[in-house]
Amino acid sequence: MKAFRESTIGRSLFRSPDRVTRRDQAAGHWSNFLLHLYPVKVRRFELRFRYSWFLGVASTVLFASLIVSGIYLMFFYVPTPLTAYGNIQELQTNVAFGQFIRNVHRWSAHLMVLTVAAHMARMFYRGAYKSPREFNWMIGVMLLGLTLLLSFTGYLLPWDQLAYWAVTVGSAMAGFVPLVGDTVQETLVGGSQVGSSTLLRFYVLHIAVLPTLLVGLLMIHIWRWRKDSMFDLAASEAVESVSDMEPGRRVLGVVPGVPATGDRKDPSEQDLVMTSPHLLIRHAVVALGVLLIVLAISLLFDAPLRDLANPFETPNPEKAPWYFAALQELLSHFHPMVAGILVPGAIVFGLVGLPYFDRNPATTPSMRKVAVVVFTTFLVVWVLLTLIGFAFRGANWEWVWPWIEWHGEL
Amino acid sequence: MSEPMERRAFLNKSWKLGIGMVAAAGAWTTWDVLRAFPDTGLGGVVKTVPESEVTATEAVYVRPAQTYLTRIDDEVVALWQRCPHLGCRVSWCDSGGEFECACHGSTFNRAGEVRSGPAPRGMDRFAVEITGDGVVRVDTGTISEGPPPGEETLDEPPRGPGCSGH
Chain A
1 MKAFRESTIG
11 RSLFRSPDRV
21 TRRDQAAGHW
31 SNFLLHLYPV
41 KVRRFELRFR
51 YSWFLGVAST
61 VLFASLIVSG
71 IYLMFFYVPT
81 PLTAYGNIQE
91 LQTNVAFGQF
101 IRNVHRWSAH
111 LMVLTVAAHM
121 ARMFYRGAYK
131 SPREFNWMIG
141 VMLLGLTLLL
151 SFTGYLLPWD
161 QLAYWAVTVG
171 SAMAGFVPLV
181 GDTVQETLVG
191 GSQVGSSTLL
201 RFYVLHIAVL
211 PTLLVGLLMI
221 HIWRWRKDSM
231 FDLAASEAVE
241 SVSDMEPGRR
251 VLGVVPGVPA
261 TGDRKDPSEQ
271 DLVMTSPHLL
281 IRHAVVALGV
291 LLIVLAISLL
301 FDAPLRDLAN
311 PFETPNPEKA
321 PWYFAALQEL
331 LSHFHPMVAG
341 ILVPGAIVFG
351 LVGLPYFDRN
361 PATTPSMRKV
371 AVVVFTTFLV
381 VWVLLTLIGF
391 AFRGANWEWV
401 WPWIEWHGEL
Chain B
1 MSEPMERRAF
11 LNKSWKLGIG
21 MVAAAGAWTT
31 WDVLRAFPDT
41 GLGGVVKTVP
51 ESEVTATEAV
61 YVRPAQTYLT
71 RIDDEVVALW
81 QRCPHLGCRV
91 SWCDSGGEFE
101 CACHGSTFNR
111 AGEVRSGPAP
121 RGMDRFAVEI
131 TGDGVVRVDT
141 GTISEGPPPG
151 EETLDEPPRG
161 PGCSGH
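Listed in order, the protein sequences are those of chains A and B. Counting from 1, position 291 in the first sequence corresponds to residue 291 in my numbering; the numbering is continuous, with no gaps. Counting from 1, position 101 in the second sequence corresponds to residue 101 in my numbering; the numbering is continuous, with no gaps.
Since the hints were made in silico from the structure, they are not lab data. Hints should not be assumed to be uniformly reliable.
[Stated by the list, open to error] Sample of chain A residues facing chain B (criterion: CB under 8 Å; computed from the structure): (1) 161; (2) 165; (3) 352.
[Stated by the list, open to error] Label pairs and their computed distance ranges (CB to CB): (4) B:24 / A:220: 22 to 28 Å; (5) A:353 / B:24: 25 to 31 Å; (6) A:377 / B:32: 40 to 46 Å; (7) B:153 / A:74: 50 to 56 Å; (8) A:300 / B:34: 39 to 45 Å; (9) A:75 / B:57: 51 to 57 Å; (10) B:74 / A:344: 44 to 50 Å; (11) B:25 / A:86: 37 to 43 Å; (12) A:220 / B:13: 25 to 31 Å; (13) B:14 / A:292: 55 to 61 Å; (14) A:407 / B:148: 27 to 33 Å.
Beta carbons: idealized from backbone N, C-alpha and C, even for Gly.
From just these sequences and the hints, can you work out the full model?
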C-alpha cells in the first residue's frame, strides 16, 4: 500500500502520499473523497458503544444492502398486475439465489425501520437534538418518514393479497385529510381503487423518487453531523489551550491512539483521537455485524408471498404492515379523522418541532425530567399499540392470544 | 444615489421571483400530470340482473359492478362493496342478515346503514335505473355517500348469528 501510494499513479490519486507524522495522516484524511463525510478527529468518548449504539451506521449499512439487493430484484420485475406476482414466483423458483436476495431485501427493510426508529430514540435520550443540532434532528425525522414511505411503497410490489389489502387500507387513511383528502388519495392511488396505475406509481416512487430523496437527505445528515461535531471541537479546543500546559499529553491536539485499557477512567471531553482508524474500524465492524445478521435471518426465514391479489376477497383479519399496526389499532377505536389524521399529524409536528419546544439546554436525563417522561410515555404507548395490532388481533379485529392463534404478518 | 441601489434591489427580487415561478410551474405540472385519470374498471353503467331477482330479504352480489343489490321500501338499491372506513370489501352475511367488514369489524344493516364498528358513514350507493324490459342498470359513475352512523331507518334487527363469529 505504501509503495503504491508513493508511485507516480499513487501520488496522482492521493494528494498527500507521505504518512510519517500525525499531520500527514490528518492531511491524508482531509484529501480523501471517501472520507470527506467524516471529521478528521473525534472526541474519544464518541468511540464508545453507549454513545450512539452505532444505530446510525447500522441504518446506513441496511440502506446500502437494500440498494444492492433492490437492483438485483429490478432485473426480474415488471410492475403490472398481470406480471408482478408471476415475476416474484419465477424469481423464487427459477433464479439462482432469487429467494435469498428477496429475503435480504425484505428483512433489511424491516430491520431498517427498526434501527432508524431506535436511532431516533437513542438521540432523544442523549439530548442530541439540542443546539447546535436542531436542524439535523429535523432532517432525521424526514429520513424516518422516507424510510416508512419506502417500506410502504415496496410492500405493494409483490402484488399478493398481503400487499393489495395492506395498501388499500393504508392509502384509504389519506382520504380523511380535510378538504384535499379525496384528491390526495386518488392521486396517490391513481384512481378510485388500488389497481395497475397504483402499482406503477408505487414502483416509480419506490425505485426512483424516494431513494433519491433519501440519499440526498442522508448526505446532508452526515455532513451536518461532521459540521456540528467540528462546532463542538472548536468549543473544546478553546479549553484545551489551557490544559496544554501539562507536558507530553497532547501533540497538535491529538492524543496518540492508545486503547484505554487497564484503568477504567472516563475519557475527558477534550481527548481527541484520529477518525482513521479508530472510528472507521468500529464502523467497519458494525457494518460486518449488521450484514451477518441480515444474511443469517435471510438464510433461516423466507419472505412471505400469499395468494395473488384479489379485489373481490378481503383476507380476514386484514393487517397493515407492522409499523402501521399502532395506527390501525387506533383506527379500530376512533373516527379516522382522529386516529388517521390528528394523531399522526400531532406526532409528526411534535417530533419535527421538538428541538424548538424543548428550550432546556441540559442533556442529562435527570435535568430534563418532563421531556424524558413525555417521550418515554409516548414510546411505550406506541410500542404497546404496535404489539397489540400486530400480534393480539385476529379475525374481525377481535382480541386473540398470540400463543393460541397467530395472525402477525411481516 | 439611490437609483442604482433600487435597480439592484429590483434585479435581486426578480431572480428570486423567477425561481419561485419556475418552482410553481413545476409543482403545477407535476400535479396535473399525476392527477388521477378516469378508472377503467368502475365508472360505467353496468347491466345486471332482472329486477324480479332482487328481493327484500337478501343482497344479490353483482361482480362487474362490485355491488350488492337489495330491495328497500320496494325500491332497488345498489350498495358499493367498498367499506367507507378504510376500503376493505364488505361481505353479505346471510345468517345474520347484515353486511360485515372483516378489517375493523364494522357491520351494516341491509340498507347499508352503520350498525356497529368504526365506519364513519353507511355504505355508498350507486344510482340505479330499471330498463324497459325490467333489467337493473347500475351507474357506477354516480355515487351518493351513505348516511352518518346512528341513523338506522330500516327496522330489521340481526336475524341470527353473524358469519365471522361475533
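A range of 50 to 56 Å was offered for this pair. Does it hold for the Cβ distance of residue 153 (chain B) and residue 74 (chain A)?
At 54 Å between Cβs, range holds.
Exercise for the section: Starting from the range 25 to 31 Å, see whether the pair residue 353 (chain A) and residue 24 (chain B) falls in it by beta-carbon distance. Expected result: Given about 27 Å between the Cβ atoms, the range holds.
Review point. For the hint on residue 165 (chain A), does the least C-beta distance to chain B fall short of 8 Å?
Key: Since the shortest Cβ distance to chain B is 7 Å, the answer is holds.
**Asked** So does residue 14 (chain B) sit 55 to 61 Å from residue 292 (chain A), Cβ to Cβ?
**Response** holds, 57 Å
Note to self: Please check whether residue 75 (chain A) and residue 57 (chain B) have a Cβ separation lying inside 51 to 57 Å.
What the structure shows: With a Cβ separation near 55 Å, residue 75 (chain A) and residue 57 (chain B) satisfy 51 to 57 Å, so the hint holds.
Notebook entry, point to check: Is the distance from the Cβ of residue 74 (chain B) to the Cβ of residue 344 (chain A) consistent with 44 to 50 Å?
Noted result: holds, 45 Å
Q: State, for the Cβ atoms of residue 300 (chain A) and residue 34 (chain B), whether the hinted interval 39 to 45 Å holds or is violated.
A: holds, 41 Å
Item to check | residue 352 (chain A) as chain B interface residue, shortest Cβ-Cβ below 8 Å | outcome: Hint on residue 352 (chain A): violated, closest Cβ of chain B at ~21 Å, above 8 Å.
Fill in: Range agreement (Cβ of residue 220 (chain A) with Cβ of residue 24 (chain B), hint 22 to 28 Å)
holds, 24 Å
C-beta pair residue 220 (chain A), residue 13 (chain B): status relative to the range 25 to 31 Å that was hinted:
For residue 13 (chain B) against residue 220 (chain A), whose Cβ atoms are near 28 Å apart, the range 25 to 31 Å holds.
So, residue 161 (chain A) near chain B? Judge it on the closest CB pair being under 8 Å.
-> violated, 12 Å
| Hint check for residue 148 (chain B) and residue 407 (chain A) - Cβ pair distance inside 27 to 33 Å | Holds: the Cβ-Cβ distance is about 31 Å, inside 27 to 33 Å.
Going down the numbered hints, you'll see the structure goes against 1 and 3, while the others check out.
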